[in-house]
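For the protein sequence lines, the chains are P and Y, in the order given. Under my numbering, the first residue of the first sequence carries the number 1, and numbering increases by one thereafter. Under my numbering, the first residue of the second sequence carries the number 424, and numbering increases by one thereafter.
Because the hints were derived from the structure by calculation, they are not lab data. Be careful, since some hints might not be right.
Partial list, derived from the structure: chain P residues whose beta carbon lies under 10 angstroms from chain Y [stated by the list, open to error]:
#1 Arg53
#2 Phe119
#3 Leu180
#4 Thr182
#5 Pro185
#6 Ser186
#7 Gly253
#8 Arg296
#9 Val412
In this text, all values refer to a predicted model and were calculated from it rather than measured experimentally. Don't be surprised by glycine CBs; every beta carbon is placed ideally from N, CA and C.
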Amino acid sequence: VTSEFQRVPLARGVRLHVLSTDQFPFAVVLVHLLRPLDRETTAAAVLAQVLLRGTRLRPRTLELRRSLEELRGTALDAAVFKLGGLQALRFRLEVPDGRWLGGRDLLPEAVSLLGEVLFDPARTGDDLHEGHVRQEVDHHRQLLESRVLDREAYVGERLIEHLCRGEPYGRLEAGAVEDLGTVTPSALARLHRRVMAGAPVEAFLVSRLTAREGAALFRRALPLRARRAGVRSSTGLQHARRRPARVQERLPGEQAQLGLGFRTGIGPRAPGFFPLVMAQAVLAGGPYGRLFKRLRVDEGLVYDVHADHHHLNGVVAVQAGCAARAADRVAGRVRAELRDLARRGPTREEWDRASADLQVRLDGVWDAPDVRASLALEATLAGRPGTIGWIARQLAAVEPADARAAFARFRVDLEYRLLPGRP
Amino acid sequence: VRLHRIDRAGPLPEAFAGRSAAGLRVVVVPLPRFRRASFVLSTGFGSVDRDLGLAGRSRLRLPSGTAHFLEHLLFQGRDGDVSDRFTELGGTVNAVTTYASTSFLATCAGRFEENLELLLRFVREAAFGAAAVRREARVILEELRMYRDCPGQVTAQDALGLLYRRHPVRDDVAGTVRDVRTCDAAVLRRAHAVFYHPSRLLLVAAGPLDPARIAELVEAFVPRSAPDAAPARRLPRENGPAAPCRRTRRRVVPRATFALGFLERRPGRGGATGTLRRELATGLLLEVLFGRASDFYAEHYESGLLDACFGCSYVEEGGAGFTMFSGESLHPRRVERAIVERLRRARAEGTRTEDLERTRSAAEGRFLRSHAGPEEAAATVSAQALRGVGRTAWLEALRSATTRDLDARVREHLVPERRAWASVEPE
């Protein structure tokens with residue numbers, strides 16, 4: 001049993017991080033394939049879904065899904081997300097511990113199935129399966145076109161799209177509808193070959209297995225050969241424009257949704273990074289945050305207000321939903337509170353609560369294998385340590401004056417509003 | 424509290440249960456390998472509790488959304504915002520109101536005893552200032568606005584409104600705009616006195632905890648109070664629509680969002696065991712017919728009619744019971760026809776044993792996931808205890824479900840002629 005991930009290089013550019021534990025009644029396997037956010041972002045997002053549709057041995061999706069059910073409901077899913085200037089294709093297995101259920105160890109079979117999914121997909125000739133590709137392109141088009149049905153998520157995405165327009169990070173991790181025309185079975189087969197042979201891999205295994213046993217299992221099931229290069233740090237850090245931009249869109253509805261995007265210019269290796277983490281918590285890290293207190297508890301203007309810190313590129317995004325007539329007041333209040341925090345810093349109470357909250361969240365990471373893996377992955381991209389103990393020490397060393405300095409770096413770069421009304 | 428061991432069978436961690444002198448029910452699930460502890464304090468006060476019989480033949484009538492309003496208001500404690508107190512103790516707190524219960528969830532990675540004390544105290548020491556009530560009403564109205572902008576919420580509520588004409592489950596858990604605006608401190612105070620009496624409360628604690636110590640703390644923090652008779656829910660019984668009914672709203676949306684509901688005509692029959700068996704049989708049936716490994720899902724995913732947004736579930740609580748299908752599609756009417764056709768075929772053909780066994784095996788594996796950590800274990804055990812069942816009973820019911828049970832659910836519950844369809848579709 002280990003308390004931190006042990007890093008095992010499987011080949012050049014392919015690393016396995018193993019956490020050996022019997023804490024959980026299931027094992028988790030995460031395979032991240034890292035590639036640039038570029039014109040093929042859309043195709044790569046479709047590829048992740050096509051791979052879940054079938055393998056050479058199980059060409060029908062139904063066969064693959066039933067195989068997973070027979071492994072006591074093992075879950076296999078794929079997702080894409082952004083990490084600085086990169087797109088991560090993540091495949092995740094969650095395998096019930098068969099021994100808890102009085103049966104055999106299911107992990108080897110499940111990882112072997114993952115190997116099939118990644119490396120031996122269903123095909124039409126040399127191309128990826130024609131029907132699967134056509135259907136997934138259609139599903140992807142619908143997914144992208146119906147983003148607006150979840151307004152809060154939509155506003156968060158639109159804010160970053162406008163804020164980072166022209167930069168890799170400005171691309172949606174799922175890509176764009178206009179790129180779908182180039183996603184064909186043959187194009188995806190080529191992309192598949194390139195990704196599987198060349199994209200750096202960061203894999204994680206949380207199970208009873210030791211690092212040596214885990215590495216042996218991966219080598220048997222996943223033919224991950226050496227890459228030309230390993231993963232490189234990629235933050236996509238940019239500075240704010242001189243004059244903030246303002247974007248307004250309309251959609252029939254009852255609530256206005258506001259998004260304010262701030263560039264701080266503080267990257268993950270900068271001395272100001274952990275002060276910025278504290279600043280984000282003070283601002284809107286939870287019910288104790290300045291904005292929640294002022295906008296909801298004191299004035300009843302919003303139901304929810306929160307801030308996301310995009311760790312790798314120093315962007316902080318504040319979002320709130322409110323009545324349309326209150327939109328100016330809410331936006332003004334956010335700016336005023338930020339000016340106050342930059343001038344006077346957080347109060348003692350705000351500071352103590354933010355510190356306590358971050359500490360409890362960090363303590364909770366010990367019990368959450370996926371979050372531990374995310375921290376380790378982000379640290380790899382940032383080029384700095386990512387263990388829980390190291391992060392706790394950095395946070396403990398931050399002083400209120402450091403956070404105040406971080407607030408002084410908040411520059412409004414974009415204000416985005418989704419207002420009720422006809423488009 | 425004298426605790427006794429429960430749930431000995433199966434692969435699950437052991438649990439202990441008892442009742443304090445003040446009448447509070449306690450369940451402790453020790454999970455020594457984890458760092459965090461999770462406490463869930465619940466009362467059987469939900470959105471359906473609008474008309475109640477009290478001791479002495481008196482009645483209590485409440486406006487819609489009272490349970491949810493009270494949940495919000497309790498966070499504005501006597502000594503200021505309760506969330507702040509938890510944060511200072513290294514904990515977090517949240518709450519949820521359902522049709523039949525309100526639950527407060529506290530999680531912490533240390534100072535367990537202080538967090539537990541705060542949880543047990545704050546729900547019973549409420550402040551009901553008029554200004555606080557007005558302010559919270561504004562927040563809830565904003566919450567309702569947010570829900571009305573969400574097509575999934577709108578269609579689910581519309582479908583319930585078609586299935587039920589009088590049962591309060593037809594109203595949003597957060598209430599109607601009019602009731603939230605007019606809700607006053609006196610109503611909230613009265614509801615609080617009835618439903619937050621210690622004998623109405625259930626505490627579930629999971630984490631690296633000593634059950635005996637938790638028992639001591641509950642006795643110390645929850646003083647005895649005068650016994651109080653449990654309120655009796657007065658709920659209308661409904662048979663649902665006699666013929667298919669529908670409601671479609673037109674909006675500026677890229678594709679349709681839909682909900683298709685089926686009403687359970689005799690919810691609650693057979694007591695907690697009856698409800699458990701119906702929930703499990705219906706859940707297994709829905710998984711066999713419409714789950715990710717079903718022919719139905721495969722066919723209609725491949726045709727582009729459905730995607731990963733599609734889902735269905737059965738709920739039975741608060742004197743109501745229903746199956747609800749939901750999803751998004753470019754061709755919502757075709758989805759409705761496909762579901763109805765599948766149900767008719769299921770009625771004619773019956774459930775195949777191999778499908779049931781495969782689904783049952785997967786369900787057992789997924790049940791392990793519900794004990795992945797303290798939060799999951801506390802939430803699972805709490806939900807089951809509120810229904811009056813244990814985890815062992817749940818596993819036994821899962822293992823004993825037969826194809827005949829599933830087929831009976833198709834015949835008696837998923838009757839196409841009594842369906843309710845609601846959608847939000849493009850203008």
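Is the hint on P:Leu180 kept, meaning its closest Cβ partner in chain Y is under 10 angstroms away? With Cβ-Cβ at 14 angstroms, over 10 angstroms, it is violated.
Interface hint check: P:Arg296, Cβ to nearest Cβ on chain Y, cutoff 10 angstroms. Holds or violated? Hint holds; P:Arg296 Cβ to chain Y Cβ min 6 angstroms, cut 10 angstroms.
Close enough to count: is the Cβ of P:Phe119 nearer than 10 angstroms to one in chain Y? violated (23 angstroms)
So, P:Ser186 near chain Y? Judge it on the closest CB pair being under 10 angstroms. Where the cut-off is 10 angstroms and the nearest Cβ of chain Y is about 21 angstroms from P:Ser186, the hint is violated.
P:Arg53 as chain Y interface residue, shortest Cβ-Cβ below 10 angstroms: Check passed: Cβ of P:Arg53 comes within 9 angstroms of chain Y, closer than 10 angstroms.
Would the hint on P:Gly253 stand, with a C-beta cut-off of 10 angstroms toward chain Y? holds (4 angstroms)
For the hint on P:Pro185, just tell me whether its beta-carbon gets within less than 10 angstroms of chain Y. Where the cut-off is 10 angstroms and the nearest Cβ of chain Y is about 15 angstroms from P:Pro185, the hint is violated.
With 10 angstroms as the cut and Cβ atoms as the points, is P:Thr182 at the interface with chain Y? Hint violated; P:Thr182 Cβ to chain Y Cβ min 20 angstroms, cut 10 angstroms.
Does the nearest C-beta of chain Y fall within a distance shorter than 10 angstroms of the C-beta of P:Val412? It is violated, given that the least Cβ distance between P:Val412 and chain Y is near 24 angstroms, above 10 angstroms.
Violated hints for the displayed structure, listed by number in ascending order: 2, 3, 4, 5, 6 and 9.
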